[in-house]
Amino acid sequence: MSDGLIEVRGSGPGAELGPPLLVATDLVKDFPLRGGVFGRTTGRISAVAGVSLTVRRGETLSLVGESGCGKSTTGRLLLNLIRPTAGTVRFDGLDLATLSGKELTHARRRFQIVFQDPYATLNPRMTIGATLGEPLRVHFGWKAARRAERVRQLLDTVGLAPQYANRFPHEFSGGQRQRVGIARALALEPELIVLDEPVSALDVSIQAGIINLLQRLQDELGLAYVLIAHDLSVVQHLSHRVAVMYLGKVVETGPAEALFSSPAHPYTQALLSAVPVPDPEIQRDRRRLVLSGEPPSPADPPSGCRFRTRCWKAEARCTELEPELVERGIGHRVACHFPHVVVDPLG
Amino acid sequence: MIEFAASAPPLLSVRDLRAYFDTNDGVVRAVDGVSFDVRRGEVFAVVGESGSGKSVMATTIMGLPRTVRIASGEVRWKGRDLLQLPESEHRRIRGKEIAMIFQDPLTALNPVHQVGRQIGEMARIHEGLSRKAAGRRAIEMLDLVGIPEAAKRARMYPHEFSGGMRQRAMIAMAITCRPDLLIADEPTTALDVTVQAQVLEVLMRIKDEIDSAIMLITHDLGVVAGLADRVMVMYAGRTVEVGTAPELFYRARHPYTLGLLASLARLGARRDEPLVPIPGAPASSIEVPPGCAFNPRCSFVSSDGRCAQTRPELREATAPGHLAACHELEALDGVSVESVRRAGTGR
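Chains A and B, in that order, are what the protein sequence lines are.
Sequence positions in the first sequence follow numbering that gives the first Met the number 0 and run 0 to 346.
Sequence positions in the second sequence follow numbering that gives the first Met the number 0 and run 0 to 346.
Derived coverage of chain A by chain B (criterion: at least 3 residues anywhere in the stretch with Cβ under 8 Å from a Cβ of chain B; other residues may be distant):
#1 168-179
#2 196-207
#3 225-232
#4 260-271
#5 282-288
Calculated cross-link-like contacts (lysine to any residue; reagent style SDA-like; alpha-carbon spacing at most 25 Å):
#6 B:Lys151 - A:Ala298
#7 B:Lys151 - A:Pro301
#8 B:Lys95 - B:Leu143
#9 A:Lys142 - A:Asn165
#10 A:Lys312 - B:Glu200
#11 B:Lys206 - A:Glu280
#12 A:Lys142 - A:Arg108
Which bits of chain B does chain A cover? Going by a derived footprint, with three or more residues having C-beta under 8 Å, they are:
#13 159-167
#14 259-266
Simulated from the structure, these hints should not be mistaken for lab results.
Model, not experiment: these values are computed from the prediction.
Cβ coordinates follow ideal geometry from the N, Cα and C atoms, glycine included.
One chain only, chain B, in its complex shape (with noise of 0.2 Å):
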């Protein structure tokens, strides 16, 4: 087993997750051999591409999708395998203990029901609060997130609110019962930037607020490196990556954390030097290369085959704690983004 730095047992250990599905084209790896930590109060951000297998490892955990199966695997939650849990015990822990934070929440959200009776309903149904009592406690919330004249707006349907106000009902509904663990998935990634910095600074100061931790999903580097306290990088359902904020983008150590941070375009950089992309496409799911899935696209492939062959395992990278799924991570020592970037334009 890997061994995670760790003083505080964590809240939340995942450990060898294995989520897939069957289809008629073959079995889809989703999530397919993550183990990671969260730990009380920190924001944990994962990152990876689409069909890196992040939203379905989320919705694993959460205990929501009802056609995944789960191959092998813990999650472990407060010492409990959530796995394991009945979906009675199961559906008192989500909501109460993990909320989660969708994308759009115009499908989150129930159209026909008022979005403070939304609210309230969590109250309700994890602490026993009367109709009149949860009532106040959603204008609380609202209140909480930032939506001027709350009480008038709890009496409001979701079509009525505008995009970074329907962000923010659903981030009052999931803080409603304090829950210990805040699953966001890409939750300003459908917002406009400058709506974007409002939600975001809403969260983080709910997040201090209530004292819970984050599990941040994106795409967006630019938010993780705000808002991160450690962050996982996640490709083809594998973690490539895990380690603090800084290790992360000024020590990467996997091939395809540096191809994602070598490619992007850079506000204040230069306008004549090409950009880096990593060749080929993200792989499929259902095909997964054999031995480590980045393979194809890497350019630190070793000579002797083994890329190729045998699935790296994570190992310590630069520090207790910053892990890295690579067999090549001894000759890395000493490449950085910049040295990615300078052999991809030829500088």
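Just chain A, same shape as in the assembly (with noise of 0.2 Å):
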């Protein structure tokens, strides 16, 4: 799987972004299984079973997929704010599992999160402009006036205005709340940021703000993003590169355009299928690839290629043999026996 680091540079969609910044190889992140009177390991789920990935710096890369596939844990895992099973994480070079406690903080500066509901994040008793100025302090040193100033500077960024700096949480909007979350995550002038399903708790007419806001945010500052998010229309709208998760492995990556234009894992079409598109005549005309069933137990994942048990071209070599990801096309890659494109899946 390690094969899959090296990036084949080329023309397409990202390749004028920067050098990778983020390199996660083999992840595996292990979750004990409790049961019984006495809470005893009784078995182990595999969130994460094995995940490769790269982000370059200025580029967008997204992990979709259904409840359960490990995208959130993968997320947390490249920011080291839970250490893997296995696997390394290397951020510009650093292997984040070997430094101390000192440098980790330090490097901590460098790669922030913005989480689904930032009220839950936000200190109800602090003010906004505490809430963003306690990095500040904690990190530089920085001095009342000076926190003030960059809070005034940062409120700005996110299309907040100045005074809102003595507000309380409450007194926001669910999306200026996330422009809070978002302002925070900016104030120590990350490279990089997880985005954990930054819209999905929003009104759909306040996610289009927030959307454009992130949008404008990578332009302006170089920022790289890791987009963690289950609805694909927001996704492909963000994205420079995509990795579809199914079960804590991915099946499928590779720049965003070819990705939705001609996906070539069935589980990639079957979810691109199921996206409603909010048009009634092509809603209506769209051939359908629904799925039966639901994704197995990651406790007990099926053998050979984890998608089997859903797919409508499961044959014996399926059950046997797991796939790997094979290179099908400029930094697309399919972990799939049988994969085939489909030209035009809102078709």
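Assembling the complex is the task here: the two chains are given apart, and the hints tell you how they should meet.
Structure follows, in structure tokens:
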């Protein structure tokens, strides 16, 4: 799987983007499964079962998949918020697992996270100004006046008026709170931000503003994003590259354009075909690939290809042999024994 | 009174429904003057953002919320006003003639009873079936919603079901007495897209089989586009626009509907095309702006101040039955989702 790390750089979307910033190799994360009266470990769940990813400077890599596919766990592994069972994460060449506590704190300035529900991560007793100023004090030791100036600037960057610094989280609407969440992530001028479902808790009419903001910030600040999202319309809008996950593994990855226009893995095809399109004529005329069943438990994944129990193409080979990610085009890799490109998943 | 285009008498006819909650912070006008008809056998979608009153409206029709104050209005069901019925009569209709599917089946299903028993209970109460006959009916219903090994599953408890299966079980329960109207409140919002596609397919198949109408309450315009015959858009507890699906999606007239459609990230759209958010935040139903509730966010506000003073009535927009509540309807002639998008992106 490590051969997947060497990115083929060529023409196509994303090619003009920078060098690798974050390189994850063969990441595995097992969680113990506890049961019985004494809560003994009765098994293991591999939430992430061997994932390799590369994020370049200035690009958005999206992790998509359904609940339980391991995309959020992967996001946390990338930031070293949880320790991997196996595998490494290198940020700008630094192996995060080998860093001392102090070095890690230092490195953490450079990568931040924005959560789905900013309300849950904002201290209700702290003004927004205090919340945004906190990391500046901790990391840079700045005095109040200097912090206030930076807070004002941060609020302006995310489209909030300066007087909001004196307000408390409950005085903000959902969209404004998410802007605060983004401002906080920006405070230490990071190079990479993990966006974990950044708009899915917001009303439709508010989502667009946040999506535009994220895109503008990337253009202006050269940020790299790892976007974790289940809404594929949003993913398509923000991504340069996409990795589709199923039961802890990447089943298909590639430039967003290639993946959305010619998905080759049956799961990606089914996922795209299931996305409802807000247009009655298109939506009613589409050829739908409705999968049967639901994802199996990650505690007991199927042998061979993990998707085979829901796949309409599955044959004996899929039960026996786990497919590797195989290059199909520039940077477009698919883990399927019978990949076949559907030309227009919307049609 | 508004003229609704109608051939056969409607199944359900709601007129000027106002449902308020008295709270310490003031009166919450959750439903603030809603009028619509649901016809036999149709899929009638109700669309709105959080706080638009769509769920309170549904539960009010069902006679469920105990704390709600009905300030005015009629809910005519087959000619009788449900709001005037004694509880005992209402209960006879609820479940038998009008049934409801909730977003979260885990809170709607009783965790300590077998799934089959809960489904059979409907038939026992409403049709006086024996325990045995009700058990058979439950299995039949589970089979109908596509649950494999229905007889075995009927003896299981809700926690032993997966999310998609629980939602199917709830559909099975709702259709046990072959209701004339199924009210589905965000029936697939908690589900993954591939499972959502399965559940919606079941819902539509069932609808044809038992020949019932569906009132589909959702915020997902993609789901609406695929299923709805007619659509009502709600904002701050009011109906802002109602019409057939093509009218709403291709010839929307209310600025809120137009804004909502223009703000969506769409599969297949260009990545570099910015999205067009609706400015501001959804109106609070405690402090509803005077006049048109949408006017503080509207970019088509009239110069004579009407929008901030007088509440607009529903008027015919592009065809009989296509109604919109906007003072500036005439000025909006020729405005489309595309033109709103172009104006918003400056292209």
